[in-house]
Amino acid sequence: MTTEPARKGAKIEIAGLRKIFETPRGTVEAIADIDLHIAAGEFFCIVGPSGCGKSTLLRILAGLERQSAGTIAVDSAGWAVENAMVFQDSGLFPWMSVEENVGFGLMTRGVPAAERAVRVEAAMRLVGLTQFRRHFPHQLSGGMRQRGAIARAFVTDPAVLYMDEPFAALDAQNRTILQEELVRLWETTGKTVVYITHSIDEALFLGDRTAVMTAHPGRIKEIIDVPFPHPRNLMELSVTPVFGELKLKIWRVLEDEVNRARASEDGA
Amino acid sequence: MSMSGRGEAARHLRQERLLYLLSPIALLILWQLAIMAGLGDRRFVPAPTDIAERFWLLCISGELPWDTVVTLWRILAGFLIGAIPGIALGLAMAMWRGVRIVVDPLIAALFPIPKLALMPLILLAFGFGETSKIVVVAIGAFFPVIVNTYAGAANIDKIYIDVARNYGASPRVMFTRVVFYGALPLIFAGLRVALAISFIIGTAAEFIAAKSGIGYLIWSSWELLQVDAMFVGIVTIGLLGVITSTLFIEVERKVIPWKAP
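If you're matching them up, the sequences are chains D and E in order.
Numbering follows the working numbering, with no gaps: position 231 of the first sequence is 231.
Numbering follows the working numbering, with no gaps: position 112 of the second sequence is 1112.
If you are wondering where the hints come from, they were derived from the structure by calculation, not from laboratory data.
Glycine included, C-beta positions come from ideal geometry on N, C-alpha and C.
One or more hints might be untrue.
What the simulated footprint calls covered on chain D by chain E, stretch by stretch (three residues with Cβ under 8 angstroms from a Cβ of chain E suffice, anywhere in the stretch; the number is not a length) [to be verified]:
1) 66 to 76
2) 200 to 214
3) 225 to 231
Pulled a few chain D residues facing chain E out of the computed Cβ check, cut under 8 angstroms [claimed, not checked]:
4) Phe93
5) Trp95
6) His138
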């Protein structure tokens, strides 16, 4: 019963990506030699110990930082916008109403006001925010704000969605609901999603594949297929034996890196 | 919040505002009683009732209303002439490194100079007319505004800059929709300080270089030893300060509705 989306998001080819930061105490290699091929329309998750450079990788992909070496090719032909990012802290502008926030990426790109209003309305309906259009972000709950951030990303019709632990700050119930909504949106729109998380459960709920990153510098250690069919029921999925086995498998890969990251933090 | 909760909060606010009047009124009563009890020489320290009487006489003679208008005009004109370039230049400093490198040392050198020390220089340049008073107020208002605007614009939470860049904001949109609004709470803090400084400098400038205005009223009354008229001037400045500051808070509430209460 899966409805195949009419088009698929961008294919992403990453080759030899490195990022070196200059600090007063010398150079720090944040990410090293990352090669990745992300298929068009894939939901790709990245897990790794904190400080492993996964956020840096995403910021480079989103064009917020420049790599020190390597290439990124994103094939976004047929899409209005190459990418849009959803941050952990919603990043909704406190001085704009929900409506203005959702329409921000359309306003910057000169979409006429009439068309903007229609698209913003549709995006707000998609995430259930229409009653709150005139509210300011501080009047919304954390979950509502994150819905607003997701609407702001989807409304620009990007080929790729970069998401940096978008639900990490939410309580468990809100997180589950928003995960379900995100999967539903992804299934119907066919966008490519690159999703960073520190939760293995979340990676298994959402992703087609999950990459585990190493600590200091960040490399791709292993990529694990997540074979669950769509549409997924996250709660039912979580009690299947395959889910448990995969979770343990990913944890085994991740465990060493978490310990290594902690050891180097203690040593520093 | 429920409607009844909101009504209750409003009532609390009204109550609190009434309570604000309590301590000044108590002080005035104590003052009156002390003078009536013969503590202090009434020629040098008039009672509140003496001041009130003189206040009324100066009102009906038209002297006080005219001085008030003159002083308010000088202070508000100077405030605006100083504050608007302060905002523009403060934002420019945050946007362009070059501007900051040029302007920063000038602020460091000029901000600490007492602006009244410039009064002779300003009189030489602009003469004894209205311009000189407005200029000295403008100079005084300019510095707190530029410093606060720059601080507000330079310290905007990085995530808003990231979002704006990721969503394709042009430099113009970045400036007008992100940096300006992000800096607005601190801009208003700067404007508030600048307004108080404008009153201080405006009045003081009238002591030494004017033939009208509340400052002139205070100073000339002192020279003629009309202490009650001097107090009328002082009280008037205080009242004007309270009124403008209250209006200012209302404006701020309208302009920054997103600021958490």
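Here is what the structure says about each hint:
1. 66 to 76: violated (count 0)
2. 200 to 214: violated (count 0)
3. 225 to 231: Violated: only 0 residues of the segment 225 to 231 of chain D have a Cβ under 8 angstroms from chain E.
4. Phe93: With a closest approach of 6 angstroms, the Phe93/D hint holds.
5. Trp95: It holds, given that the least Cβ distance between Trp95/D and chain E is near 4 angstroms, below 8 angstroms.
6. His138: holds, 5 angstroms
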